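A.B. asks: Protein chains in written order, with the working numbering: chain A, 1 to 276; chain B, 1 to 311.
Treat the hints with caution; some may be incorrect.
[Said to hold, decoys possible] Here are the simulated distance ranges between beta carbons:
(1) A209/B with I86/A: 46 to 54 Å
(2) S42/A with A209/B: 52 to 60 Å
(3) I174/A with L302/B: 42 to 50 Å
[Unchecked claim] Covered by chain A, according to a simulated footprint, are these stretches of chain B (three or more residues, beta-carbon under 8 Å):
(4) 16-30
(5) 248-261
These are computed hints drawn from the structure, not numbers from a lab.
In this text the structure is predicted, and so the values were computed from the model without any measurement.
No residue lacks a Cβ here, since even glycine has one placed at the ideal position from N, Cα and C.
Chain by chain, the residues:
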Amino acid sequence: MKTSLLPTIAHRLAIFAYVIFALFPLYWLFKVSLTPNDLLYSEGVRMWPSRTTWEHYSFVLQHSAFPTFFKNSLIVSGSTAVIVTICASLSGYALSRFNFRAKYWIVGLMLLTQMFPLVMLVAPIFKILTPLGLTNSLTGLIVVYTAFNVPFATFLMQSFFDGIPKDLEEAAMIDGATKFTAFREIILPLTLPGIAATLGFVFTAAWSELLFALMLINGNNAATFPVGLLTFVSKFSVDFGQMMAAGVLALIPAALFFLLIQRYLVQGLTAGAVKG
Amino acid sequence: MTMTADVYDRRQDRRPWQKRLADASEPYLYSAPALILIIVVMLVPLVVGISYAFRDIQLLNPFSGGFIGLEHFETLSKDRAFYTALKNTLWWTGASVFLQFAFGLILALLLDKPFVGRGLVQALVFLPWAVPSFLAGLNWAWLFNPVIGPIPHWLFDLGLMSQPGNILSDPQYAMWGPIIANVWWGIPFFAITLLAALQSIPRDLYEAASIDGASWFQRFWSITLPFLAPTIAITVLLRTVWISNFADLIVVMTGGGPADRTQIVASYIFTQAFKALDFGYASAIALVLLVLLLAYSMLIILLRQTLLNKG
Chain A
1 MKTSLLPTIA
11 HRLAIFAYVI
21 FALFPLYWLF
31 KVSLTPNDLL
41 YSEGVRMWPS
51 RTTWEHYSFV
61 LQHSAFPTFF
71 KNSLIVSGST
81 AVIVTICASL
91 SGYALSRFNF
101 RAKYWIVGLM
111 LLTQMFPLVM
121 LVAPIFKILT
131 PLGLTNSLTG
141 LIVVYTAFNV
151 PFATFLMQSF
161 FDGIPKDLEE
171 AAMIDGATKF
181 TAFREIILPL
191 TLPGIAATLG
201 FVFTAAWSEL
211 LFALMLINGN
221 NAATFPVGLL
231 TFVSKFSVDF
241 GQMMAAGVLA
251 LIPAALFFLL
261 IQRYLVQGLT
271 AGAVKG
Chain B
1 MTMTADVYDR
11 RQDRRPWQKR
21 LADASEPYLY
31 SAPALILIIV
41 VMLVPLVVGI
51 SYAFRDIQLL
61 NPFSGGFIGL
71 EHFETLSKDR
81 AFYTALKNTL
91 WWTGASVFLQ
101 FAFGLILALL
111 LDKPFVGRGL
121 VQALVFLPWA
131 VPSFLAGLNW
141 AWLFNPVIGP
151 IPHWLFDLGL
161 MSQPGNILSD
171 PQYAMWGPII
181 ANVWWGIPFF
191 AITLLAALQS
201 IPRDLYEAAS
211 IDGASWFQRF
221 WSITLPFLAP
231 TIAITVLLRT
241 VWISNFADLI
251 VVMTGGGPAD
261 RTQIVASYIF
271 TQAFKALDFG
281 YASAIALVLL
291 VLLLAYSMLI
301 ILLRQTLLNK
311 G
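Turn these sequences into a full structure, and let the hints guide you.
C.D. replies: Rendered as structure tokens:
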């Protein structure tokens, strides 16, 4: 059967339109970050400036607090991703391999946390963390982000564990290994792709979080990237080149992690959606 | 009788009691770290937050904190800004979910067909999803800004605008700004989920249908859609709840303005807590939002159950 030409052309054109729509805003961000200040207004709508410069990047890296924001965000997102993945591997394993009385309560509790508006927690969390000295601190943010991300990560890890046959650890236990040894030595190494995907998901989520960071942090020392960029925007809303250079820098870690987990996205999200 | 059965069971179970205890507690030990975190950081604040709704809690007022009953809810019932926010939430959620779903479905159908370079195209069109939401908001706010962005100039050239102005400061159209940003950002989620569902449809069904002479539309209507229906139902439900709570784009792009035209309930709660520092009132609004969302979810689940029973 010969496929006709017209639908094929229409198909490619539609795909092309989607790619343009998806990439154009990011392209524009990058373009303005390279445009020298004197051309910014005169060449506003040109697709590419007649001269380019990296000066916005060097300014942002040398004369602003963005390196601090970047470091803070890296610490917060990295720690959150690692702690969540450890907790979620354990709880995901429990949900996947054991039948116990509280199992349905635990699943129910985790589903509930996905349903209610997190905005509702802004005020109480602020009130609870203040006397503990955890506002304005990276530790406070890590604790909050870890708890927010554990439920989804647990479902994600559970679906990866479900994909590994039970015979493997039963065989190991017949050979005399305890269940925990079997989990550590046999099951965990097989779940490495799942662990990578969970790390990536949680890192990206923590990297993007804005509302709680705005509420819990004030001042530059403990500010994460979203807060820093937003403060910068409301203070100096004319330095477009620098803001967009900072934006491109904020995009890099998230985009890297996205490329890392891209392959597992379809698998992971389906699992999450079905469980939800 | 139960006694003897119990004794019998115990005799059968030859493990020493320490071992039995260890085995029974094992799943709890595995789930303990996750559970403790969820209970301490989410469940306890949730309960505290519900109690705030009935108390006078203002951060800068040391004399606040007393129990005031339903006073917040009385104020709320007369709060015009709240009703505007409720209306805006419906508009924001409805338009965002519908457009994300429609364009996501089309994209999934396009990607379901094999072609050269599909892997690369897939990575590129899914990229917006990796963009942090605050950055997506800023990025689109800049695109809509006539000083730095091209969109106002394009609209002007097309004759849709009398002069290149900022759509985000136009009370009539401001809401379209965050909606477009949200659609751009959210299409990949629907496309990924629907693509996964599409790929699980058995291919021979389509072959059989085309041998029988079914047109593309007939195949789509009687094979693709029924297979996708459960995924569509779940993702639309989840996304509706999620998007109505999603204040990031609005906080970043318009801050609820101009004149509250883009204020949704979620961003209104945030404004009350963050700017007015009135935690009691913010919690009361949040409680109303929670009840509305629960009612919506229940309604959808009931509706689905009724439809399933009929079918």
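A.B. asks: Each hint: holds or not?
C.D. replies: Verification of the hints:
no.: 1; hint: A209/B with I86/A: 46 to 54 Å; verdict: holds (49 Å)
no.: 2; hint: S42/A with A209/B: 52 to 60 Å; verdict: holds (59 Å)
no.: 3; hint: I174/A with L302/B: 42 to 50 Å; verdict: holds (48 Å)
no.: 4; hint: 16-30; verdict: holds (count 5)
no.: 5; hint: 248-261; verdict: holds (count 3)
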